[in-house]
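Asks: Each chain is listed here by its residues.
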Amino acid sequence: MKTPTVRTRDTAYLSTGQRPQRPEHSLRNSDVEDAELARAAARGDSDAFGRLIDRHGMAARRAARAILRDDDDADDAVQEGMLAAWRAIDRYDVARPFRPWLMRIVVNAALDARRRGRVRHAEPIAETLESPGLGPDRMAEASLLRTRIDAGLAELPERQRIALVLFDAEGWGHAEIAATLGVPEGTVRSYVFHARRAMRRALGTLAEGMK
Amino acid sequence: MMQSPFEHERDEELGRVLREQLTGAAPEAFLHRMRSAVAAAPRATEWDVLADWARPRVMALAIAAGLLLWLGAWFEGTQAPVDPSLMVASLPTHAVVSAQPPAVDEIMAALRERP
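Keeping their order, the protein sequence lines are chains A and B. Residue 35 is where the first sequence starts when you use our numbering, and the numbers rise one by one after that. Residue 9 is where the second sequence starts when you use our numbering, and the numbers rise one by one after that.
There may be inaccurate statements among the hints.
Quick list of simulated restraints, FRET-style, between CB atoms [to be verified]: (1) A:Ala185 / B:Ala48: 33 to 43 Å; (2) B:Ala47 / A:Arg73: 15 to 25 Å; (3) B:Ala33 / A:Ala185: 15 to 25 Å; (4) A:Glu219 / B:Trp78: 37 to 47 Å; (5) A:Ala185 / B:Ala72: 53 to 63 Å; (6) A:Arg235 / B:Arg65: 23 to 33 Å; (7) A:Arg235 / B:Arg18: 13 to 23 Å; (8) A:Arg235 / B:Ala62: 50 to 60 Å; (9) B:Trp61 / A:Arg77: 18 to 28 Å.
With the C-beta cut set under 7 Å, the calculated list includes, among others, these residues of chain B facing chain A [claimed, not checked]: (10) Asp19; (11) Leu22; (12) Gln29; (13) Leu30; (14) Ala34; (15) Ala37; (16) Leu39; (17) Arg43.
Don't read these hints as lab results, they were simulated from the structure. Ideal Cβ positions, reconstructed from N, Cα and C, are used throughout, including at glycine.
Produce the entire structure from the sequences given, and follow the hints as far as they go.
Replies: Laid out in structure tokens, this is it:
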């Protein structure tokens, strides 16, 4: 098995003004932990895989919901993807980051579900923006924002949707998203740019009001 | 929200709104469901993988072999029985391999041997 290289924070470029070259497939500490858990999972340790689910399950759920726009379909797709990843864990290359590998499987499961047309009727996504402390005006505004986000996401091509969610909501880098989608990094930048523009159009001034 | 879409920094506000919208209800219950599904699913052994790979191929081979056997039997059944009167007794070997035409005596002898 290959030994993963750990990228440490290098701040020397701040004084020199030159950004250091990132080694190819460099791993962060969390990636190394993922790799350790994946190794244990490959030996049959389902608890280790459970910890990987804890670390990446919610990001997978959000990506699946962005694709399928239905709670139950998305959860089914994530479960399908997680099971596929569990069965194929010994084929994961620990020298590469784990989460794009897992996310790619989950995204493919969601896209397959969508293509097979076995998705339930898409309804507005659950009311997670509502807070008990909000007054009627704010509640109405939140509801409108929810509707617009849903409509905005619906307008986006699937890949743009995934790129936007992984970049802005999950904080992933372009390289990881590129690895997930199997496209060049420049394409991911373009996806994020176009998706943001479309979402901004869909949201209008509402999002400002949520601040 | 971030004003310039060309700036490839994260749009924190849009990210927060998306996270809230897409997280869904009962995240702990969801994660528990995923963990339980994995714990209940046995990992495939190498033999299982090999069996999964081999099963359709063995089936395809069996079907092909059956088809060939059936075709062979059918072909044999369609062959007309040979009329003994059409059979010609064999000439002596040297008459067959020789560049010269066989002698009349040899032809007559072969005809006489005809059943």
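Asks: Hint says 15 to 25 Å; check whether the CB-CB distance for Ala33 of chain B and Ala185 of chain A agrees.
Replies: Hint holds: Cβ distance 21 Å, inside 15 to 25 Å.
Asks: Given the range 18 to 28 Å, decide if the beta-carbon distance of Trp61 of chain B to Arg77 of chain A lies inside it.
Replies: 23 Å Cβ-Cβ, so the 18 to 28 Å window holds.
Asks: Using 7 Å as the Cβ threshold, decide whether Arg43 of chain B counts as touching chain A.
Replies: holds (4 Å)
Asks: Let me know if the C-beta of Leu30 of chain B comes in closer than 7 Å to any C-beta of chain A, holds or violated.
Replies: holds (4 Å)
Asks: Would the hint on Leu22 of chain B stand, with a C-beta cut-off of 7 Å toward chain A?
Replies: holds (5 Å)
Asks: Please check whether Ala185 of chain A and Ala72 of chain B have a Cβ separation lying inside 53 to 63 Å.
Replies: Since the Cβ atoms of Ala185 of chain A and Ala72 of chain B sit about 54 Å apart, the hinted range of 53 to 63 Å holds.
Asks: Can you verify the interface hint for Ala37 of chain B: is its Cβ closer than 7 Å to any Cβ in chain A?
Replies: violated (10 Å)
Asks: With 7 Å as the cut and Cβ atoms as the points, is Gln29 of chain B at the interface with chain A?
Replies: Since the shortest Cβ distance to chain A is 5 Å, the answer is holds.
Asks: Regarding Arg235 of chain A and Ala62 of chain B, is the given constraint of 50 to 60 Å on their beta-carbon distance met?
Replies: holds (54 Å)
Asks: Look at the Cβ atoms of Arg235 of chain A and Arg65 of chain B and judge whether their distance stays inside 23 to 33 Å.
Replies: violated (53 Å)
Asks: For the hint on Ala34 of chain B, does the least C-beta distance to chain A fall short of 7 Å?
Replies: violated (10 Å)
Asks: Measuring from the C-beta of Leu39 of chain B to each C-beta in chain A, is the shortest one below 7 Å?
Replies: holds (5 Å)
Hint check: violations occur at hints 4, 6, 14 and 15; the rest are consistent with the structure.
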